[in-house]
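There are 2 protein chains.
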Amino acid sequence: MKPIHVGLLGIGTVGGGTYAVLQRNAEEITRRAGRPIQISIVADKDCERIRQITGGSCRMTDDAFAVVSDPEVDIIVELIGGYGIARELVLQAIANGKHVVTANKALLARHGNEIFAAAQEQGVMVAFEAAVAGGIPIIKALREGLTANRIEWIAGIINGTTNFILSGMRDKGLSFATVLQEAQRLGYAEADPTFDVEGVDAAHKLSIMSAIAFGNSMSFEQAHIEGISQLDPADIRYAEQLGYRIKLLGITKRTLEGVELRVHPTLIPAKRLIANVEGAMNAVLVKGDAVGATLYYGKGAGAEPTASAVIADLVDVTRMHTADPEHRVPHLAFQPDAMVDLAILPISEVVSSYYLRLRVEDRPGVLADVTRILADDGISIVAMIQREPGEGEEQTDIIMLTHKTVERNIDAAIAGIEALPAVKGRIIRLRLEELL
Amino acid sequence: MKPIHVGLLGIGTVGGGTYAVLQRNAEEITRRAGRPIQISIVADKDCERIRQITGGSCRMTDDAFAVVSDPEVDIIVELIGGYGIARELVLQAIANGKHVVTANKALLARHGNEIFAAAQEQGVMVAFEAAVAGGIPIIKALREGLTANRIEWIAGIINGTTNFILSGMRDKGLSFATVLQEAQRLGYAEADPTFDVEGVDAAHKLSIMSAIAFGNSMSFEQAHIEGISQLDPADIRYAEQLGYRIKLLGITKRTLEGVELRVHPTLIPAKRLIANVEGAMNAVLVKGDAVGATLYYGKGAGAEPTASAVIADLVDVTRMHTADPEHRVPHLAFQPDAMVDLAILPISEVVSSYYLRLRVEDRPGVLADVTRILADDGISIVAMIQREPGEGEEQTDIIMLTHKTVERNIDAAIAGIEALPAVKGRIIRLRLEELL
Numbered sequence: 001m002k003p004i005h006v007g008l009l010g011i012g013t014v015g016g017g018t019y020a021v022l023q024r025n026a027e028e029i030t031r032r033a034g035r036p037i038q039i040s041i042v043a044d045k046d047c048e049r050i051r052q053i054t055g056g057s058c059r060m061t062d063d064a065f066a067v068v069s070d071p072e073v074d075i076i077v078e079l080i081g082g083y084g085i086a087r088e089l090v091l092q093a094i095a096n097g098k099h100v101v102t103a104n105k106a107l108l109a110r111h112g113n114e115i116f117a118a119a120q121e122q123g124v125m126v127a128f129e130a131a132v133a134g135g136i137p138i139i140k141a142l143r144e145g146l147t148a149n150r151i152e153w154i155a156g157i158i159n160g161t162t163n164f165i166l167s168g169m170r171d172k173g174l175s176f177a178t179v180l181q182e183a184q185r186l187g188y189a190e191a192d193p194t195f196d197v198e199g200v201d202a203a204h205k206l207s208i209m210s211a212i213a214f215g216n217s218m219s220f221e222q223a224h225i226e227g228i229s230q231l232d233p234a235d236i237r238y239a240e241q242l243g244y245r246i247k248l249l250g251i252t253k254r255t256l257e258g259v260e261l262r263v264h265p266t267l268i269p270a271k272r273l274i275a276n277v278e279g280a281m282n283a284v285l286v287k288g289d290a291v292g293a294t295l296y297y298g299k300g301a302g303a304e305p306t307a308s309a310v311i312a313d314l315v316d317v318t319r320m321h322t323a324d325p326e327h328r329v330p331h332l333a334f335q336p337d338a339m340v341d342l343a344i345l346p347i348s349e350v351v352s353s354y355y356l357r358l359r360v361e362d363r364p365g366v367l368a369d370v371t372r373i374l375a376d377d378g379i380s381i382v383a384m385i386q387r388e389p390g391e392g393e394e395q396t397d398i399i400m401l402t403h404k405t406v407e408r409n410i411d412a413a414i415a416g417i418e419a420l421p422a423v424k425g426r427i428i429r430l431r432l433e434e435l436l
Numbered sequence: 001m002k003p004i005h006v007g008l009l010g011i012g013t014v015g016g017g018t019y020a021v022l023q024r025n026a027e028e029i030t031r032r033a034g035r036p037i038q039i040s041i042v043a044d045k046d047c048e049r050i051r052q053i054t055g056g057s058c059r060m061t062d063d064a065f066a067v068v069s070d071p072e073v074d075i076i077v078e079l080i081g082g083y084g085i086a087r088e089l090v091l092q093a094i095a096n097g098k099h100v101v102t103a104n105k106a107l108l109a110r111h112g113n114e115i116f117a118a119a120q121e122q123g124v125m126v127a128f129e130a131a132v133a134g135g136i137p138i139i140k141a142l143r144e145g146l147t148a149n150r151i152e153w154i155a156g157i158i159n160g161t162t163n164f165i166l167s168g169m170r171d172k173g174l175s176f177a178t179v180l181q182e183a184q185r186l187g188y189a190e191a192d193p194t195f196d197v198e199g200v201d202a203a204h205k206l207s208i209m210s211a212i213a214f215g216n217s218m219s220f221e222q223a224h225i226e227g228i229s230q231l232d233p234a235d236i237r238y239a240e241q242l243g244y245r246i247k248l249l250g251i252t253k254r255t256l257e258g259v260e261l262r263v264h265p266t267l268i269p270a271k272r273l274i275a276n277v278e279g280a281m282n283a284v285l286v287k288g289d290a291v292g293a294t295l296y297y298g299k300g301a302g303a304e305p306t307a308s309a310v311i312a313d314l315v316d317v318t319r320m321h322t323a324d325p326e327h328r329v330p331h332l333a334f335q336p337d338a339m340v341d342l343a344i345l346p347i348s349e350v351v352s353s354y355y356l357r358l359r360v361e362d363r364p365g366v367l368a369d370v371t372r373i374l375a376d377d378g379i380s381i382v383a384m385i386q387r388e389p390g391e392g393e394e395q396t397d398i399i400m401l402t403h404k405t406v407e408r409n410i411d412a413a414i415a416g417i418e419a420l421p422a423v424k425g426r427i428i429r430l431r432l433e434e435l436l
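First to last, the sequence lines map onto chains Y and W.
Each residue of the first sequence is one higher than the last, beginning at 1 in the UniProt record's numbering.
Each residue of the second sequence is one higher than the last, beginning at 1 in the UniProt record's numbering.
Excised from the complex, chain Y in its bound form (with noise of 0.2 Å):
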């Protein structure tokens, strides 16, 4: 049977891991694919390294542009990321008639509209398994295993660095800057870690799935981002001694008031599976009305689990690539004439529970006071620990968590709480999540 051809654009590790799975992996992927699915040509600016790793058995190049514009090449893969030359690239390549398969979530995040208007209009697939999650499956699980659902929300582990970096710091009580040192020194965290520590990269996949769940267009710039390099290992222990853990979730839900779009470090029940997510392992919950929640687990990034989902979409490519575009799934789950714009709601609009700490003068009437401003607010206490004050100290630490409220309303309350004398410094304030 015929080849399929690709052309790959950038051999770094995702590129050589695709490289070494496809070789390695060739005969039970062309029984299941029906056909071999060959690297043609490999774009590169390291030519050197595609020698090293292709060992010359295909053409190379370090032009990217001259692949998406070879006439050889059926499907195009981009793992070069930005959303700069990336942009170009997989515009041209659609232009081309090309297929595209993609790792690139910042790209799908910032300029997925466009990307999928212009695959649609040129009747191309654009494929992204690999964009969220690495190695598991869940762009698949939104777009084709849930579809009878009616999604209510996500939530997800989606950035291996900040789980890692998390799991140190309650493991060990370490700060997060020294964490994140030995996560530099493991390669678990980059040289800059700006885009993993800050939320960024969490967000990009979050408005990859919501849209894939509700049908909505990619709304990357509305998501509201909070990262991990603020968060005080004393939180972490409070949040364990009220029987919760702190994760960097993104979380997306669709309400009566528009669709929330959130990256935070959160409080979620000890005892949930995906509580006990450790190490740079990803996960994602879905909750859907009909099937309730699932859970998806695996490796989030690497070379091999990142590779694995891009020649997944490979083989799906293969498998559709003549066949009709009614026939193929649609790119964001929904029909293109049936997707909406549902509003991304702000931050101060989002319903959570919350967590607080405060640093209070230890003294009779400060906790009346503090709890008579939530009670204004119209904000009730769930559970409240106050810490013993040390021999001769005279400040001690409150922590609350509450029920349900409105962001706003907090909001309201710690601004009244803070201005009290007796209470000291800023309040630390984190959302916290049942997940059920």
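Honestly, I wouldn't trust all of these hints.
Restraint ranges, calculated between C-beta atoms of paired labels, are given here [as the list claims (entries may be wrong)]: (1) W:Asp46 <-> Y:Gln241: 50 to 60 Å; (2) W:Gln241 <-> Y:Asp192: 40 to 50 Å; (3) W:Asp289 <-> Y:Asp171: 22 to 32 Å; (4) Y:Thr61 <-> W:Arg35: 56 to 66 Å; (5) Y:Lys172 <-> W:Ala419: 50 to 60 Å; (6) W:Pro3 <-> Y:Asp192: 50 to 60 Å.
Some but not every residue of chain Y turned toward chain W, in silico, with C-beta under 8 Å [as the list claims (entries may be wrong)]: (7) Ile29; (8) Ile85; (9) Gly292; (10) Ala293; (11) Ala323; (12) Asp324; (13) Glu391; (14) Gly392; (15) Arg426.
Hints are computed from structural coordinates only; laboratory data are not their basis.
From the three backbone atoms N, C-alpha and C, an ideal C-beta is built for every residue, glycine too.
Got chain Y sorted already, so can you dock chain W onto it with the hints?
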């Protein structure tokens, strides 16, 4: 857009759920599928039940054979169960050129080879996501999400009844019989629970997953099956002391010697995510060479979770029913001409670690005799605990965990140890898997 017409066979729990979800989420499902999915005719021996559920909104009959021959029907949903009349109906539907969606694991495990061959011959699809692990899209993950991988093994909690009972036995220290009664009272176990508690239902599902994972023909008849009815709460406690939980796992593994296909109570490390799957929930752990371990978790039974899988299949079939068969995903993941006939290993040839519990006279020298026999059979011990005998008690329990060994060695050692005069009664033997 013209609806696709579905004929529903059986409107019990899952059939009723399927009808309800298709009605409730009609708009959203149509937006995904590109056209309405309409139940046009329902067959059930209880026409009053059809009338109650559908409100007379579609045609009804007590003759299922009339439905599979109905010229208006495009897709048959078979929810009758069993492998008598259901087999005839499915084969007749295929012969009539209808696509089939079924939740019937027993039918596929026993007659899958015949059914898929017939479907291939007729160019129709037989979809069966609902046959394994209810609403969890595990068939899709195995058939499509992990196509890059050489799958090494699968280990699944794929029977909710037994997992509910095991959770109850562990939580409350109660006997199998007591918790079974509670499960029956709550509707988690049937009046005749044999198929569930003896592992047959899990073996049906395991056989299906094994065929898809390895491109092997369906081999249910060669599966090794042990249930949980003989499990003693004492062993759950001892396992816990050693850091393990006992779960009824379906395990299939590809080895150089052949394919393992076995269902039995299994010790697994308590810290694994899958060890913390409680109650009636299901979870499947899949190890691929590229992706590593991925886990899929959710409700494995119930009206709407199972309906979620049935309808996902209906959407897939709706999308593909006019497509060329070559564009479709092969029934068992591999192209029909690329299926193989791998031998299923007899249990005596399976390699595993073991948990052994011996009742022995509490006197010096016994342990030396026992360990000598194990050593002679090439079995090394990883951990051991000996119960402190009570006041005046002359016997005690020894619990040992072994390194990996082939089962026939353990059989030989057990026979030798049971022949020792100081060893009383039968030795309890359970298998142990690290799941790494």
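*Pro3 (chain W) and Asp192 (chain Y), beta-carbon distance inside 50 to 60 Å?*
holds (54 Å)
*Outcome of range test on Cβ distance (Lys172 (chain Y), Ala419 (chain W); 50 to 60 Å)*: holds (51 Å)
*Using 8 Å as the Cβ threshold, decide whether Ala293 (chain Y) counts as touching chain W.*
holds (7 Å)
*Taking 8 Å as the limit, does the beta-carbon of Gly292 (chain Y) come near enough to a beta-carbon in chain W?*
holds (5 Å)
*So, Arg426 (chain Y) near chain W? Judge it on the closest CB pair being under 8 Å.*
violated (36 Å)
*Would you check whether Ala323 (chain Y) satisfies its interface hint, that is, whether its CB is within less than 8 Å of any CB in chain W?*
Holds. Min distance 4 Å.
*For the hint on Ile29 (chain Y), does the least C-beta distance to chain W fall short of 8 Å?*
This hint holds: Ile29 (chain Y) lies near chain W, its Cβ roughly 6 Å from the closest one there, short of 8 Å.
*Quick one, is the Gly392 (chain Y) hint okay against chain W at 8 Å, beta carbons?*
This interface hint is violated because 42 Å lies over the 8 Å limit.
_Restraint: Glu391 (chain Y) near chain W, CB-CB cut 8 Å. Satisfied or not?_
violated (38 Å)
*Any CB of chain W closer than 8 Å to the CB of Asp324 (chain Y)?*
holds (7 Å)
*Classify the hint on Ile85 (chain Y) as holds or violated, based on whether any CB of chain W lies nearer than 8 Å to its CB.*
At about 26 Å, which exceeds the 8 Å cut-off, the nearest Cβ of chain W leaves the hint on Ile85 (chain Y) violated.
*Starting from the range 40 to 50 Å, see whether the pair Gln241 (chain W) and Asp192 (chain Y) falls in it by beta-carbon distance.*
holds (47 Å)
Hint violations for this structure: numbers 4, 8, 13, 14, 15, all remaining hints satisfied.
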